[in-house]
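Participant: Model the full structure from these sequences, guided by the hints.
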Amino acid sequence: MYAAEDNQLVARVVSAQDTQAFGELVRRHQSQVRNFLRKLSGDITLADDLSQDCFMHAWDKIQTFSGRGSFIGWLLKVAYTTFLQSKRKSKRYAEILEEVGHVTDIEDRRYSVQADEVSDLEKLLAVLTDEERAIMVMSYACGLSHREISDATSLPVGTVKSVIFRGKQKIRTSFDIKDHQHG
Amino acid sequence: MISKIINMADKMKDAEDRLLESMFAAPPIADDGFSASVVGKVRRRLWLRRLALPVAMLIGGAIAIKPLTAFVTLLASLSALLPQELFGVIAEFIPQAQTVVLGALLLAVCLLGMRTLED
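Listed in order, the protein sequences are those of chains A and B.
Residues in the first sequence are numbered consecutively from 1, following our numbering.
Residues in the second sequence are numbered consecutively from 1, following our numbering.
None of these hints come from the bench; they were simulated from the model.
Model, not experiment: these values are computed from the prediction.
C-beta: ideal position from N, C-alpha, C; glycine also.
Straight-line distance between alpha carbons at most 30 Å, and here's what the computed BS3-like set of lysine-lysine pairs gives:
no., chain 1, residue 1, chain 2, residue 2
1, A, K89, B, K41
2, A, K170, A, K123
3, A, K87, B, K41
Derived list of chain A stretches under chain B, where covered just means 3 residues or more per stretch with a C-beta under 8 Å from a C-beta of chain B:
no., region
4, 28–36
5, 49–63
6, 120–130
7, 134–141
Facilitator: This is the structure:
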């Protein structure tokens, strides 16, 4: 029912550039997008900035949403692309700073904090690559199906499954997750 | 049918999956003006886009007015160099030939200007 309403709101945005309808879409999905980017980046402020950028990109590209999959799946694809673009930019920025002799920690300030300052989940995510982290978060935190993750990451379903398998293996070898207390 | 089976297989989770889900679970983030801020940005961008073309045309027009008048004056002086008999012959067939030629040139310049602004 929610998905059908999403599609109606998208139709209003596409046909009449309805900002109210877009605002409703943002209200509905901001929490999931922000949570996704927080887990991906490990930085609350950066994640919220990226979330704003993500919704602005979504506004610009909303006509490319075909309506076949879920809107949140499409939105997380935009969020993931925004994250990768930002990462590329900050990497280039760090390289420029290094070239001119500045010492910088921009690139790897995420997931490099002291072990006792971070939560279990952050420790868990730190052993994963960006791609593995994104796919694991989409699967376990956002509840996306393998098909939806495949659409969002532009990877074949088989690759998505093997990335999840590999991610779980990494987590298993680094932590005894069965010891984790719920909540 | 096959897709249903795939979806079911997708949803089959073991204890480890459920444990991971509980670890990845996070409380919903309060909006706290986030969506209002996004919508505000979107509205500003819409206004900027709507204003961009008229403002660009205005600025372009202001910049182009001086060279354009100089160009028209040059054309007028060039037409004085042409033999007057030629105008006489043309004027026999088309009485406002000079004005038509000048108008056509101006139209071509305007069209080129518009094309450049659009690009």
